[in-house]
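Novice: Fit chain Z to the supplied structure of chain Y, relying on the hints for placement.
Those protein sequence lines, which keep their order, are chains Y and Z.
This note's numbering applies: residue 2 is where the first sequence begins, and numbers increase by one.
This note's numbering applies: residue 1124 is where the second sequence begins, and numbers increase by one.
Some hints could be false.
[As the list claims (entries may be wrong)] Far from chain Y, some chain Z residues (derived; all Cβ distances over 10 Å): (1) K1232; (2) R1284; (3) T1288; (4) V1304; (5) D1392; (6) W1399; (7) I1492; (8) V1499; (9) P1503; (10) L1558; (11) R1563; (12) N1571; (13) N1581; (14) R1583.
[Said to hold, decoys possible] The following label-pair restraints were derived from C-beta to C-beta distances: (15) Z:Q1618 - Y:K441: 38 to 48 Å; (16) Z:I1162 - Y:D365: 33 to 43 Å; (17) Z:L1169 - Y:Q372: 32 to 42 Å; (18) Y:P226 - Z:D1485: 52 to 62 Å; (19) Z:A1593 - Y:K441: 54 to 64 Å; (20) Y:Q372 - Z:A1507: 34 to 44 Å; (21) Z:L1161 - Y:K441: 26 to 36 Å; (22) Y:S446 - Z:A1593: 49 to 59 Å; (23) Z:I1162 - Y:P226: 53 to 63 Å; (24) Y:Q372 - Z:A1593: 21 to 31 Å; (25) Y:S446 - Z:Y1286: 28 to 38 Å.
Rather than coming from a laboratory, the hints here were simulated on the basis of the structure.
For every residue, glycine included, the Cβ atom is placed at its ideal position computed from N, Cα and C.
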Amino acid sequence: MQFDSNQLIPVLPEIYILSLACLVLVIDLFIKQENRIVTYGITQIGLLLAVAITVAVGQPQTQIIFDGSYIRDPMSDVLKVGIFVVSFLAFLYAKDYLRDRDLFKGEFYTLGLFAVLGMIIMVSANSFLTIYLGLELLALSMYALVAFNRDSQDGAEAAMKYFVLGALASGILLYGISMVYGMTGTIRFDELGGAIQKVGLDNVVLVFGLVFIVIGLSFKLGAVPFHMWVPDVYHGAPTAVTLFLGSAPKIAAFALAMRMLVDGMEPLVGQGGWQGWQGMLIVLAVLSMAIGNLIAIAQTNIKRMLAYSTISHVGFILLGILAGTKEGYTAAMFYTLVYALMSAGGFGIVIALSRRGFEAENLDDYKGLNQRNPWFAGMMLLLMFSMAGVPPTVGFFAKLFVLDAVVSVDLTWVALVGVFFSIIGAFYYIRIIKLMYFDKPSDESPLSMGVDTQVVLSLNGLSMLYLGLFPAGLLSICHTAIGG
Amino acid sequence: MFADWPILSLTIWLPIIGGFMVIASGDREANATRWTALIISVLTFLVSLPLWFGFDSSTAQMQFVERMDWIPLFNIEYYLGVDGISMPLIILTTFITPLVVIAGWEVIKYKPALYMAAFLIMEGVMVGVFAALDAMLFYVFWEAMLIPMFIIIGVWGGPNRVYATIKFFLYTFLGSVFMLVALIYMYYQSGNFEILGFHDLKLGHTEQILIFIAFLLAFAVKVPMWPVHTWLPDAHVEAPTGGSVILAAIMLKIGGYGFLRFSLPITPDASHTLDWLIIGMSLIAVVYIGFVALIQQDMKKLIAYSSIAHMGFVTLGFYIVFIVGQSAGSGAALGVEGGMVQMVSHGFISAAMFLCVGVLYDRMHSRQINDYGGVVNTMPVFAAFMVFFAMANAGLPGTSGFVGEFMVILASFRADFWYAVLASTTLIIGAAYTLWMVKRVVFGDVANDNVAALQDINGREYIVLGTLAAAVLVLGLWPAPLVEVMDASVNNLLQHISVSKL
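In isolation and in its complexed conformation, chain Y is listed as follows (with noise of 0.2 Å):
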C-alpha cells in the first residue's frame, strides 16, 4: 500500500473526533468533580471546532482512499456536520439533567465522543468492513451510556436488553455480508454494484444475503418488526442518553442504509417488484409506520410515546429511500435531518420540565404547560405540529418531500398509505398540546433551566418553523449531497 499523506486530509474530521476523545479522557482525569463544566466545554468546543474542519476539508468531488475502504463525499459532508451539530444540542440539553442527579461524569463525554466517532465512520465508510467498525464503535458507547446510571434498575434492563439485540442484530448483519461476500468477492461499496450484475440479480445465495442485510439494519433503525428494543430503551436509559440516542444515530442509520443499499447493493432494488429491496423497504415501511403510529396513541410516558413515535418516522425514512431515486435519498436525507432536529428539541423539552427527584415521564407532567411557562410550551407546540407534519412547520414538508418521491415511481398507495397512518399519528401529538394548553397545571413550579438551554431550545423550536417558512435552502443542500 502506498502511503501518501494527502488521504490523511479527507479523513481529517475522524483524526480529530479520535484525538479530542483521547484528550477529553486524559484531561478529565485531572480533574476534580467541581470543575468538570471544563469537560463539558471541551467537548462542545471541540464540537463546533469539527463542524468548522469538516466543511474545510468538504469538496464537490468525491475522494475514496484507504483501498477502498473510506469515502468522503458531499453527502458524507453534510451528514457529520449533521451529527456534530446535533451531538452538540444533545450534551446542551443533556448538562443540567445530568449535573442535578450526580451523574455529570467525565465518560459521559468520553463515551458520547467515541460514539460520534463511529457514527461519522459509519457516514465515511465504503466498504462492509469499516461500515461494521463505525456501527459497534457507534453501539458499543451506546449499551454503556444506556447503564449509564448505575443505581437505576431500568436503565441496567434496558442496557442488557439493547446488548443482547444489538450483538444478535450484528450477527445477522455480518451473516448476511459474508454472503454477499462469498457470491460477489468484494466489500468495496463502489466495486460492489458491478459485481453483482456480473453474478447475476436472482442469485439466490445473493438474495438471501440481503434479506439478512436489511434485517441487520431494519434492527439498527428500529423499524417494525425489528423494533422491539426501542421503547424498552428508550425508557429505561436516563433522559439525557435517550435524547442522544434518539437524535444523532438516525442520521448515522440513514447512512447506514444509504452507504449499503444504494452506494452498494443498487442493481438490486427490484423496482416494482417484491425480490428486492424496494419490496422489503416497502414491508418495513408500511408496518413501521402502522405499529408506531397505533401502539403510540396507547402510551402514557412521553419517553415511550416518543419512542413509538421514532418508529413511525423511521418509516417515512425508508419510504424515501424505497423510491430508490436521487428524489427519493434527498427526501430521506432532509426527512432525516430535520428528524434528528426534532427529536432532540423534543426530549429537550422532556429534560427541561425535570428537575432532580422528579422526571417529566408522563404526559400528564405536561398539563397547563402554557400557563407555566408559555414560551416553551409555544416551543413544544412547534415541535409537535412538526413531528406531526401540519404546515407551515417544516414537519410537514419533510413528508410531503418523501410522498412526492414515492408517487414519482408510481407507488401511490405507498403515499395513501403514509398518510393516512399520519392522520392516526396526528392525534398522540395534538393530545400533548391539549395537555398543554387546554389542562390545569397539576405542578405550578417553575422552569429551571440555564440561559444556554433556553437560548438554544427556543431556537431549536422556532427552527421548525423558519425551516418550514424556508425549507429551499436545506433542500437544495441535500439535493447536492446527494448528487442529484
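Specialist: Using the frame of chain Y, we list chain Z on its own:
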C-alpha cells in the same frame, strides 16, 4: 395606482406578524393588547380595500399577481393573485375580523393576548388560502388554519371543548391529506404546482374521478356537507363566540371556494359524472338538516345546523350547472353566482346570529332556548337586531339571505322542477326553525328572574351588530356590484368546464 403594490402579501402578513407582536406583548397590559389587535385588524381591512376598488371586473384574469420562487427544486412558487371569485371572500375575511376582535373585547378575560393573536394569525392565513395560486402554497395555508382554530376552541371553548377541538382537527386533517396526494399526483403530470396549470391539465376519466373524490373529501368536510358534517355542531357549540363567527363566516366558505377553484375546473368530466352525488348530498343537507335544526334545544347548535343547510344551497348552486348547461344557456351562471352570493351573505348573517347568541351567553351563561323567554322586555334594542337577523337567516326579501337563495332556486328550476321544489322547502323550514327560536327566546313574557335582570346591549355590541345589519341590508337591496365583480370570472369558469378534458 395600487397595481404595483404587494397588496395581497400585505393583507396576509400584516395580521400574522401583528399577531406575533400581540403574543409577545403579553397579558400584562391587556387593554393595550386589545387596542393593538383592533388597530392591526382595521389596518388590514383598509389595506385590503384597494383589492375591491382597484379590481378590474371586465376580465377573468388573475389580478394583483405576485410571483417568486419558494422551493425551486420542486417548482413550488410563492404565487398570489385574485379573481372575481376569491376577491370578495378576502374582503369578507378582513371585514369580519375587526368585528370579532371587538366582540371579544371584555368577554375574554383568560389570556386575551393569545386570543387576539390567534384571530389575527387566522385572518392572515385565511386570506392566504383565498389568494394562493400555487397548490402547495394553498395547502400550507389551508392546513395552517387548523392550528389557531384548534387553540381557539380548545382554550376558550365550552365544557366539552377538548372533545370538540380534537374532533375538528382530526376530521379536517383527514379530509385534506388525501387532497395532498392528489396535488402531488398532478404535480407529476404537469411539472409544477400552478393551480391555473392544473386547470388545463389533460386527465383521463378514472384519474379525474379519483382526484375528484380526494378533493371532495377535503372540501366536503370543510363546507361541511352531509354526511361529514358532524364535527361542525360540536365545534360551534364549544367554540367561543369569536371562534364560531370565524368558523361559520369564513372557514366554511373555504370549502365552497375549493369547489370553484379546484374540483370544477380541474376535474370537469368527473364533476359532470358525479354531479348527482353532490346535488343529492346538497338537497339532503337542505331538507334533512333543516328538520334537524328544528328540534335543537341549544341556540348555537340550531344556528350550526342552519349553516349546514345554507351551505347546502351553495354546493347545489355550484353543481346544478351541468344539468342547466344542457337545457338553457345563461342559467348556469345564475347557479354559481347564486352560490357565491349565498356564501358572502351567509358570512354576514351567520356571524351576526352567533354574535347575538354570544351577547345573550355573556349575560346568562346559557345557550339553552328554554332558559330564555321575553328577552324583548329587558333588551329591546337587542331584540330588534336579533329579529332582523333571524328574518335574514330565513331568507326574507330585502335582506342578503334572500338574494342567493332566490338565484339558486331559479337556477334549479331550469334544471329540474323537483330540485327546485326540494330546495324551496328551505324557505319554509328555515323560517320555521329560526322564527320559532326567536319566538321562544325573544318574545312572550319574562320567563325568569335571570331574564328580568338582563341589561340591553352596550355601545361595543351595538357597533358590531349595527355594522353587520347594514351589510346585510346593502347586499340584500343592491347585490349588483357583487354579482358584477364575479361575473367575468364565473363565466370564464363555466366556459372552461363546458369543454371536456378527455
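Novice: All hints are to be evaluated individually against the structure, with a verdict given for each.
Specialist: Each hint tested on the structure:
Residue-level check passed: K1232 (chain Z) sits 14 Å from the nearest beta carbon of chain Y, beyond 10 Å. Residue-level check failed: R1284 (chain Z) sits 7 Å from the nearest beta carbon of chain Y, not beyond 10 Å. Interface exclusion of T1288 (chain Z) from chain Y breaks down, the closest Cβ pair being 8 Å apart, not more than 10 Å. Distance check on V1304 (chain Z): its Cβ comes as close as 5 Å (rounded) to a Cβ of chain Y, failing to clear the 10 Å threshold; non-interface status is violated.
Against the 10 Å criterion, D1392 (chain Z) stays outside the reach of chain Y, whose nearest CB is about 20 Å from its own CB. With a least beta-carbon separation of about 26 Å from chain Y, W1399 (chain Z) lies farther than 10 Å from that chain, consistent with its non-interface assignment. For I1492 (chain Z), the condition that its CB be more than 10 Å from all CB atoms of chain Y holds, with the nearest at approximately 28 Å. In this structure V1499 (chain Z) is separated from chain Y by more than 10 Å, as the shortest Cβ-Cβ distance comes to about 37 Å.
No beta-carbon of chain Y comes within 10 Å of the beta-carbon of P1503 (chain Z); the shortest separation is about 39 Å. No beta-carbon of chain Y comes within 10 Å of the beta-carbon of L1558 (chain Z); the shortest separation is about 37 Å. Annotated as non-interface, R1563 (chain Z) keeps its C-beta farther than 10 Å from every C-beta of chain Y; the closest such distance is 33 Å. Interface exclusion of N1571 (chain Z) from chain Y stands, the closest Cβ pair being 32 Å apart, more than 10 Å.
With 10 Å as the threshold on Cβ separation, the claim that N1581 (chain Z) sits away from chain Y holds: the shortest Cβ distance comes to roughly 30 Å. With a least beta-carbon separation of about 27 Å from chain Y, R1583 (chain Z) lies farther than 10 Å from that chain, consistent with its non-interface assignment. For Q1618 (chain Z) and K441 (chain Y), the hinted distance range of 38 to 48 Å is not satisfied, since their beta carbons lie about 58 Å from each other. Remark: the range hint 33 to 43 Å for I1162 (chain Z) to D365 (chain Y) is upheld by a beta-carbon distance near 40 Å.
The given range of 32 to 42 Å is respected by L1169 (chain Z) and Q372 (chain Y), whose C-beta atoms sit roughly 36 Å from each other. P226 (chain Y) and D1485 (chain Z) have their C-beta atoms about 56 Å apart, which keeps the hinted 52 to 62 Å range intact. The beta-carbon spacing between A1593 (chain Z) and K441 (chain Y), approximately 42 Å, falls outside the hinted interval of 54 to 64 Å. For the hinted restraint 34 to 44 Å between Q372 (chain Y) and A1507 (chain Z), the CB-CB distance of approximately 41 Å keeps it satisfied.
Look at L1161 (chain Z) against K441 (chain Y): about 30 Å separates their beta carbons, and that is inside 26 to 36 Å. In this structure, S446 (chain Y) and A1593 (chain Z) meet the distance hint of 49 to 59 Å, their C-beta atoms being roughly 53 Å apart. Between I1162 (chain Z) and P226 (chain Y) the Cβ separation comes to about 58 Å, which falls inside the hinted range of 53 to 63 Å. In this structure, Q372 (chain Y) and A1593 (chain Z) break the distance hint of 21 to 31 Å, their C-beta atoms being roughly 41 Å apart.
Separated by about 29 Å at the C-beta atoms, S446 (chain Y) and Y1286 (chain Z) satisfy the suggested range of 28 to 38 Å.
The structure shown violates the earlier hints numbered 2, 3, 4, 15, 19, 24.
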